[in-house]
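Numbering (my numbering), first residue to last: 1 to 98.
Hints were generated in silico from the structure; no laboratory data involved.
Please note that a few of the clues may not be correct.
[Stated by the list, open to error] With a Cα cut of at most 30 angstroms, we get these calculated DSSO-like pairs of lysine-lysine:
{"#": "1", "residue 1": "K58", "residue 2": "K70"}
{"#": "2", "residue 1": "K90", "residue 2": "K70"}
{"#": "3", "residue 1": "K15", "residue 2": "K58"}
Note that the structure is a prediction, hence the values are computed from the model and not measured.
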Amino acid sequence: MASLPYEKGMPASAKRVFHGEIYDIWQWPQQLFDGSMATFERASRPDVVEIIATTNRKIIMERQRQPDCKPFICLPSGRVEGNNPLANAKRELLEETG
Numbered sequence: 001m002a003s004l005p006y007e008k009g010m011p012a013s014a015k016r017v018f019h020g021e022i023y024d025i026w027q028w029p030q031q032l033f034d035g036s037m038a039t040f041e042r043a044s045r046p047d048v049v050e051i052i053a054t055t056n057r058k059i060i061m062e063r064q065r066q067p068d069c070k071p072f073i074c075l076p077s078g079r080v081e082g083n084n085p086l087a088n089a090k091r092e093l094l095e096e097t098g
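Based on the sequences and whatever the hints tell you, model everything.
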């Protein structure tokens, strides 16, 4: 796969070896302390917001149901779209809790 421009926290030699719906996987060669070489890897994904909303000093949580999983409790969250995390957090809170 083609490499992309430098991504924060990775050397310029890093190459994207997988591009998925949510995650990208990057690899690069790196010299170890003993002079040998090893392949390093990193997963990257879009930024997300997670909301700790309170009412009357109680934290609002939501119950989720996913295919092939038991129901679980979590905080409202979602991917950041654009450059306004606060607007994204408000949207996600409304979408997930009503």
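How the hints compare with the structure:
1. At roughly 24 angstroms between alpha-carbon atoms, K58 and K70 fall within 30 angstroms of each other, so this suggested pair holds.
2. Of the supplied pair hints, the one linking K90 and K70 holds, its CA atoms being roughly 27 angstroms apart against a limit of 30 angstroms.
3. Restraint check for K15 and K58: the C-alpha separation of about 45 angstroms exceeds 30 angstroms, so the hint is violated.
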